[in-house]
Amino acid sequence: MNEAITLPGGVTAEPGMRIYNQKLGMWIFLASEVMFFTGLIGAYIILRFGTTAWALPGVPLEEGGTPLAINLTAFNTFMLICSSVTMVKAFAAIEHGDQKGLRRYLVATVLLGAAFVGIQVVEYIALAHEGFLPRCSEELAAVVPNCDLFGSTFYTMTGFHGTHVSIGVLCMIWVTVKAFRGKYTKENHGGVEVIGLYWHFVDLVWIMLFTIVYLI
Amino acid sequence: MATAAAAAAPLADAHHEELSFIRKYIFSTDHKIIGIQFLFASLAFLVLGGVLAILLRWQLGFPGEELPGVGTVAPKFYNSLVTMHGTFMVFFAVMPLLVGVYANYLIPLKIGAPDMAFPRLNMLSFWMFIQSGIVMTASLFVEGGAAGSGWTAYAPLSAVPQYTGASLGQQLWILSIVLFGASSLLGSVNYITTVINMRAPGMTLFRMPLSVWALFITAIIALLAIPIIAAAVIMLFFDLTLGTTFFLPADGGQPLLWQHLFWFFGHPEVYILILPAMGIISDVIANGSRKPVFGYHSMVLAIIAIAFLGWITWGHHMFQSGMNPLLGTSFMISTMAIAVPSAIKVFNWLGTMWRGNIRFHTPMLWAIGFVSLFTVGGLSGIFMASNAVDIFIHDTYFIVAHIHYVLFGGSLMAIFAAVYFWFPKMFGRMMSETWGKIHFVLTFIFYNLTFFPMHILGMAGHMRRIYDPTQYEFLQPYQPMNRFITISAILLFVVQLPFIVNFFWSLFRGKKADINPWQDNGLEWTVPSPPPHGNFAMTPTVYRGPYEFSVPGAEADYMPQSVPPSGSQ
Amino acid sequence: MDWLPGAASSYAADLDRIFYVILAITGLIFVGVQVALVYFIIKYRGRKGRQASYVEGSTKAEVIWTVIPAVIIVGIAVASQTVWSEIKDPNHFPTDALEVNVEARQFAWAFTYPGADGELGTDDDYIRYNQMHVPVNRPVVFNLTSVDVVHSFFVPAFRIKQDAVPGMNLRAWFEATEVGEYELACAELCGVAHGLMKGKIIVLSEDEFQSWAAEQS
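Residue numbers (the numbering used here), protein chains in the order written: chain A, 1 to 216; chain B, 1001 to 1569; chain C, 2001 to 2217.
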């Protein structure tokens, strides 16, 4: 697969990166995604360190602790990491021409990804119920330092990540349907590799977000 | 193999399928048609941006007086005019005219590829651009008026509807920018992949024309800068609609955060607007001078250096913003550094003309105009780069003069050069040389009459974006100059008429163009005018660089890139 | 040459000097480039039977026109830095200055003066709108903020410009050197009446200022 592009007429072009277009295109697109999350995370860092106080984990809520449910999200993080593993397994399966393995692991990836989004929605609803929103309830604003700002950054960053996972799940469903129709072969499975790149990237972003938003 | 099949797909389409009118000209995946679509759309936006400029200039030249047939300009409307003129010109005229039109049209043709790497994404990119343009245009007519916070949309002015009086207008502005960003992003992924992976045999990186180099580097800048503005405007949108507090100081937000994000995008954006122009001009000057570009490698390095330095200079827009004064010093140094590669480019263009045999065809005239006026814009930039001098001239007409010398005297001159130069390839007919030259001379004159006096206004301390200069005693003596500028601006607008007429007349009635009317070396001049779907009947092989003009001993004074060396066959 | 407005502050002359030095340098380069351009256009205009010289470049020339601009740029940067820190660096602000709070809002300026006790933040402070009275030849340090959007405090005659940012308290200073009235403008787009957000700086002799201040409290 990693051969030079062949132009019509059978002539070989300049070797380029020796990566096929779709994969190269995805890498390039991910570079822009890195910048997008850099913008969001950069804003978070500037806002957080521009103020004096911030909600910290490991502190009771009444003493300025975080309103976030860390354990639930830690479990969610674990699931997303698992979905990366199943994604790797799916790709490994089709590299060996294992159609059954490909389908099984793709379905697992879709389910794990969808579960991640589902748990995130549950988390949002619970938080909103507690009054934690971009405009916090008065009770919460009284104990959580800079609650509005915390809410603004929290929902924007995790929300955009959740949107990315959701889009990923939709694309993954499409790839899975194609896999069930037998469109991928041992030789030709660029689609699986390309969606895999995106999936691992989204996973990686989450590990960073989880660390800086929930853990520190 | 998927790859080969994907690359061959557009060709297969062309050969095996008669395309309907809609598939061929409207929802086309052919990079040439998409380039032409961008050309028509962004020229229309250029006219719209010009109309907005005339309206705001009217108010400055004749404050409070009635513009015949239009009426007076109210202060709120004036702010919308300022905002929308900048927005349309930057995002919907100059950027798509350079990148949307010429990256699309030229990259595959000039590197010997049948189409872009992702033709469908390319089509999607164009239609997202149209959507964003429609949204932005619609925002002119909504209740509360269009956005009035400047094209820089400084928060909190832009983040609270009561501050400008425009609510829906500002939201549509943001929506449009997000759509525009998505369109640009798709384009960039396409251009970068195409240049890396789809060059014809022999088209090594250092045999690429400078226009392709510049468009390639520009695509990389856009790829990395656009997401930043997307993130910023989305936060702004949330502040406006969902009650977040990113930029609202009363609730812990930071107005300077907006400025940092905006200019971290905004300064690279400036280079998105000028680098492709520099590349195009290099091609045209070499062709017009019948000489190789002077110092090809240093020209490439200068493009890369400017692109790199562009990332660490954003703070010079914020010298007076309340940023730490020590940062002011470091941003001055990085900004000043950009003068060096810019100077190299200007001197190399002069070096290219030196001992040439210059043909004054219309594109060459515009290219010479570019060198002359870009020099002014580059030199006036040094005033702003000096943090001390900037204290006085920041936010005055000196800045307005500077940006117009770079973006109009620079970028737009290059765009006109490009339109005249590649028109025969795009449409198979020549534009009228006579009218092209008349257009150039009149534009050059009225351009300078309009924008040069703005330097003097700026030195007098004339603030930007003020509604009525006569309100200030110290500016009253300059009112005749303001009036002069307004009249010149109107004339500058009027003398674009020959271009419009020439363009459309030539489209249908122009002299038929042959394959290579300018006797140029690029691969695009080896295929019919206009080139067929799929571009090349046989993939060309490239034997030399793009600027082999007047090679000693050669028969003609040009040597196309794909002609085999004599004696090799 | 009198293109910049009349200068009436202690550091105006320093800033103007750099401006004119840059003007001279860039003016020279401007003329040089345009003359070369016109000369080449005439000298190397296309004629039948002539051929362009095949020149691909010259490393020597490249080095020359890389090094010379670099040297000029360094010179300008060094000169600018001195004046920049004189005007903007809080560590170089004059001591023994009159201290005033300036608050910008859509679309007015409010100036808070220390009362008879000479200290801000006490009961005898008084506020004046759109007119700022200051003594001549005595530095004035002001604490600048905004209640709504970003404004910019700009007195062309003093060569001072400083943005007023809501949520931030920014310090700046000037020392007027001539008695008279000077216009104060907002230089940052701040809303519908941005162009009308003007004020006056009224520079009085020390005696006049003292009696003016006495009248206020």
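Quick caveat, the hints were computed from the structure, so don't treat them as lab data. Keep in mind the model is a prediction, meaning the values are calculated, not measured. Here a beta-carbon is modelled for each residue, glycine too, at the ideal position from N, C-alpha and C. Check before you lean on any hint, since a few could be wrong.
[What the hints assert, rightly or not] The calculated lysine to any residue pairs, modelled on SDA-like cross-linking and capped at a C-alpha distance of 25 Å, are:
hint, chain 1, residue 1, chain 2, residue 2
1, B, Lys1024, B, Val1441
2, B, Lys1437, C, Tyr2044
3, C, Lys2198, B, Gly1510
4, C, Lys2048, B, Pro1480
5, C, Lys2043, B, Phe1493
6, B, Lys1437, C, Asp2117
7, B, Lys1437, C, Ile2072
[Claimed, not checked] Derived CB-CB ranges, DEER-like:
hint, chain 1, residue 1, chain 2, residue 2, range
8, C, Ile2025, B, Pro1564, 32 to 42 Å
9, C, Gly2115, B, Leu1168, 46 to 56 Å
10, B, Thr1541, A, Ala31, 28 to 38 Å
11, A, Ala53, C, Ala2110, 27 to 37 Å
These are the hints, each one checked on the structure:
1. Between B:Lys1024 and B:Val1441, the direct Cα distance comes to roughly 37 Å. Violation of the 25 Å bound is thereby established for this hinted pair.
2. Taking the CA atoms of B:Lys1437 and C:Tyr2044, the gap is near 19 Å; set against the 25 Å cutoff, the hint holds.
3. A threshold of 25 Å between alpha carbons decides the hint, and for C:Lys2198 with B:Gly1510 the separation of about 56 Å lies outside it, so the pair is violated.
4. Proximity of C:Lys2048 to B:Pro1480 is assessed by CA-CA distance (about 49 Å); at most 25 Å being required, the pair is judged violated.
5. Distance hint between C:Lys2043 and B:Phe1493 is unfulfilled; the C-alpha atoms sit about 33 Å from each other, more than 25 Å.
6. Using a Cα cut-off of 25 Å, the hinted pair B:Lys1437 and C:Asp2117 is violated, with the two alpha carbons roughly 73 Å apart.
7. Between the alpha carbons of B:Lys1437 and C:Ile2072 the distance comes to roughly 37 Å, so the proposed pair goes past 25 Å and is violated.
8. Separated by about 50 Å at the C-beta atoms, C:Ile2025 and B:Pro1564 break the suggested range of 32 to 42 Å.
9. Here the CB-CB span from C:Gly2115 to B:Leu1168 is close to 47 Å, well matched to the stated 46 to 56 Å.
10. Our hint of 28 to 38 Å for B:Thr1541 and A:Ala31 holds, since their Cβ atoms are close to 32 Å apart.
11. The supplied range of 27 to 37 Å is met by A:Ala53 and C:Ala2110, whose beta-carbon atoms lie about 30 Å from each other.
Hints 1, 3, 4, 5, 6, 7 and 8, counting from the list given before, are not met by this structure.
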